[in-house]
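**Student:** Residues per chain are reported as follows:
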Amino acid sequence: MNFITQLASAPEANGGIVEALGIDWRLLILQIVAFLVLVVVLGKFVYPWLMKSVDERQENIEAAAKAASKAQEAAAESQAETAKLLNEARKEASDIIATAKLEATEMKNSTESKAKATAEKIVAEAQVQLQKDIEAAKRELHNETLELVSLATEKVVKGALTKTANEKVIAESLSEATKGAR
Amino acid sequence: MARPLSRRVIARYVATQLIAGEKTDKLATQLAAYLLLHRRTNEMETILRDVSHHLAEAGYVEATVTVAETLGAASEAAVKKLVKDATGAKEVSVAMNIDESVIGGVKIETPGAELDATIAHQLQALKTRYKKA
Chain A
461 MNFITQLASA PEANGGIVEA LGIDWRLLIL QIVAFLVLVV VLGKFVYPWL
511 MKSVDERQEN IEAAAKAASK AQEAAAESQA ETAKLLNEAR KEASDIIATA
561 KLEATEMKNS TESKAKATAE KIVAEAQVQL QKDIEAAKRE LHNETLELVS
611 LATEKVVKGA LTKTANEKVI AESLSEATKG AR
Chain B
654 MARPLSRRVI ARYVATQLIA GEKTDKLATQ LAAYLLLHRR TNEMETILRD
704 VSHHLAEAGY VEATVTVAET LGAASEAAVK KLVKDATGAK EVSVAMNIDE
754 SVIGGVKIET PGAELDATIA HQLQALKTRY KKA
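Residue numbers (this note's numbering), protein chains in the order written: chain A, 461 to 642; chain B, 654 to 786.
For the record, the hints were derived by calculation from the structure and aren't laboratory data. Backbone N, C-alpha and C define an ideal beta-carbon position, used for all residues, glycine too. Take these hints with a grain of salt, some might be off.
The following label-pair restraints were derived from C-beta to C-beta distances [unchecked claim]: (1) B:Lys780 to A:Gly619: 17 to 25 Å; (2) A:Ala612 to B:Arg692: 46 to 54 Å; (3) A:Lys592 to B:Lys780: 18 to 26 Å; (4) A:Gly640 to B:Lys784: 20 to 28 Å; (5) B:Ala727 to A:Ala612: 51 to 59 Å; (6) B:Lys734 to A:Ala612: 32 to 40 Å; (7) B:Lys780 to A:Lys568: 18 to 26 Å; (8) A:Val583 to B:Lys784: 28 to 36 Å; (9) B:Glu767 to A:Ala631: 15 to 23 Å; (10) B:Lys780 to A:Thr578: 39 to 47 Å; (11) B:Asn750 to A:Gly640: 16 to 24 Å; (12) B:Lys784 to A:Met567: 53 to 61 Å; (13) A:Gly640 to B:Lys780: 34 to 42 Å.
If you want a taste of the chain A side facing chain B, the calculated C-beta under 10 Å gives, among others [unchecked claim]: (14) Ile594; (15) Lys598; (16) Glu600; (17) Asn603; (18) Val609; (19) Thr613; (20) Glu614; (21) Leu621; (22) Lys623; (23) Ala625; (24) Ile630; (25) Glu632; (26) Leu634.
The whole structure should be built from the sequences, with the hints applied where relevant.
**Tutor:** What follows is the structure, given as structure tokens:
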């Protein structure tokens with residue numbers, strides 16, 4: 461209260477409020493000039509460098525963010541691609557398995573057919589051989605029977621053929637031969 | 654040493670001598686001696702067969718008759734007649750061969766011809782006919 465009263469009464473006493481406040485005009489101007497010089501210097505040299513640094517940093521951050529975004533996108537793409545490839549691989553594997561199963565079935569069927577054909581062939585050959593063996597046995601039996609009949613006939617004739625009968629046989633043979641000669 | 658005679662010449666000589674009435678023993682001795690001398694005894698069978706042929710050509714036929722037992726006179730005469738008729742020979746001689754394996758019947762062999770009417774032959778023919786190969 462005392463100060464305010466003193467300030468209000470100062471111009472009247474010392475010629476103005478500036479003086480009352482103790483401001484030195486020259487010092488004030490000097491300070492203003494110094495301040496302006498400082499502003500100019502800062503504006504000319506410091507501020508651009510600072511702004512440039514900030515901009516670069518921002519750019520770096522943006523670039524990093526961009527790169528991260530790209531990486532994320534690439535990762536997502538890669539994941540999608542991987543999933544696609546995996547699906548394709550699964551499908552291919554499934555196809556391969558199906559084909560393999562089909563081929564295995566066909567092979568099995570083919571093998572069964574071949575085995576069946578071979579078995580039928582073996583049976584047919586065995587039947588043919590059996591038939592041949594039977595025929596051979598029949599033939600052999602027939603020939604042996606013929607041999608036995610011949611032997612028995614020989615024995616019977618030897619026992620039954622008397623000298624007179626033999627002479628008769630010879631006479632008949634000669635008679636037939638004579639007829640044949642004529 | 655003279656050149657060896659051919660088989661035909663020897664056979665012709667023996668046949669001619671036999672027809673001329675030369676003794677069989679003497680001719681056989683000569684032939685045997687000649688073949689021994691020339692180491693040709695392996696030709697004996699062939700020469701004798703040739704002699705038979707020469708004799709047959711000259712009308713002298715020797716028939717070999719094979720029977721199971723000796724032939725009766727009538728049968729032998731019938732054989733001679735048959736051979737004579739068949740060959741047109743002037744004279745037929747019979748060499749009898751007894752072989753029980755023929756069982757019965759008769760087999761007559763002349764140079765160049767054969768008649769087998771034996772029971773053994775007929776049985777064999779039957780066997781051959783009905784035998785299955």
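**Student:** Now look at each hint and say whether the structure bears it out.
**Tutor:** Now for the hints, and whether the structure bears them out:
1. Roughly 20 Å separates the CB atoms of lysine 780 of chain B and glycine 619 of chain A, a value that falls within the hinted 17 to 25 Å.
2. The beta-carbon spacing between alanine 612 of chain A and arginine 692 of chain B, approximately 51 Å, falls within the hinted interval of 46 to 54 Å.
3. Judged by the Cβ atoms, the range 18 to 26 Å given for lysine 592 of chain A and lysine 780 of chain B holds: they are separated by roughly 24 Å.
4. Restraint check, glycine 640 of chain A to lysine 784 of chain B: a C-beta distance of roughly 26 Å satisfies the suggested window 20 to 28 Å.
5. A C-beta distance of roughly 32 Å is found between alanine 727 of chain B and alanine 612 of chain A, which places it outside the suggested range of 51 to 59 Å.
6. Between lysine 734 of chain B and alanine 612 of chain A the beta carbon distance is about 36 Å. The supplied range of 32 to 40 Å therefore holds.
7. Between lysine 780 of chain B and lysine 568 of chain A the beta carbon distance is about 60 Å. The supplied range of 18 to 26 Å is therefore violated.
8. For valine 583 of chain A and lysine 784 of chain B, the hinted distance range of 28 to 36 Å is satisfied, since their beta carbons lie about 33 Å from each other.
9. Between glutamate 767 of chain B and alanine 631 of chain A the Cβ separation comes to about 19 Å, which falls inside the hinted range of 15 to 23 Å.
10. Separated by about 45 Å at the C-beta atoms, lysine 780 of chain B and threonine 578 of chain A satisfy the suggested range of 39 to 47 Å.
11. Checked against the given bound of 16 to 24 Å, the beta carbons of asparagine 750 of chain B and glycine 640 of chain A, roughly 23 Å apart, stay inside it.
12. The beta-carbon spacing between lysine 784 of chain B and methionine 567 of chain A, approximately 55 Å, falls within the hinted interval of 53 to 61 Å.
13. Our hint of 34 to 42 Å for glycine 640 of chain A and lysine 780 of chain B is violated, since their Cβ atoms are close to 23 Å apart.
14. Nearest Cβ of chain B to the Cβ of isoleucine 594 of chain A: about 13 Å, over the 10 Å cut. The hint is violated.
15. Among the interface hints, the one on lysine 598 of chain A holds; its C-beta lies about 8 Å from the nearest C-beta in chain B, closer than the 10 Å criterion.
16. A hinted interface residue such as glutamate 600 of chain A counts as satisfied when its beta carbon comes closer than 10 Å to some beta carbon of chain B; here the least separation is about 9 Å, so the hint holds.
17. Checking asparagine 603 of chain A against chain B: minimum C-beta separation of about 5 Å stays under 10 Å; hint holds.
18. The beta carbon of valine 609 of chain A comes within 9 Å of a beta carbon in chain B, closer than 10 Å, and the hint placing it at the interface holds.
19. Hint on threonine 613 of chain A holds. Least Cβ distance to chain B is approximately 6 Å, under the 10 Å limit.
20. A least Cβ separation of about 6 Å between glutamate 614 of chain A and chain B falls short of the 10 Å threshold, and the interface hint therefore holds.
21. A distance limit of 10 Å between C-beta atoms decides the matter here; for leucine 621 of chain A the minimum to chain B is near 5 Å, and the interface restraint holds.
22. Look at lysine 623 of chain A: its Cβ gets to within about 6 Å of chain B, closer than 10 Å, so that hint holds up.
23. Residue-level restraint check for alanine 625 of chain A holds (minimum Cβ-Cβ distance to chain B is 8 Å; threshold 10 Å).
24. Proximity of isoleucine 630 of chain A to chain B holds as hinted, the smallest CB-CB distance being about 5 Å (cut-off 10 Å).
25. Hint status for glutamate 632 of chain A relative to chain B: holds, with the closest Cβ pair at about 9 Å, below 10 Å.
26. Against a cut-off of 10 Å between C-beta atoms, the interface hint on leucine 634 of chain A holds, since the closest Cβ of chain B lies about 5 Å away.
This entry does not satisfy hints 5, 7, 13, 14, going by the numbered hints stated previously.
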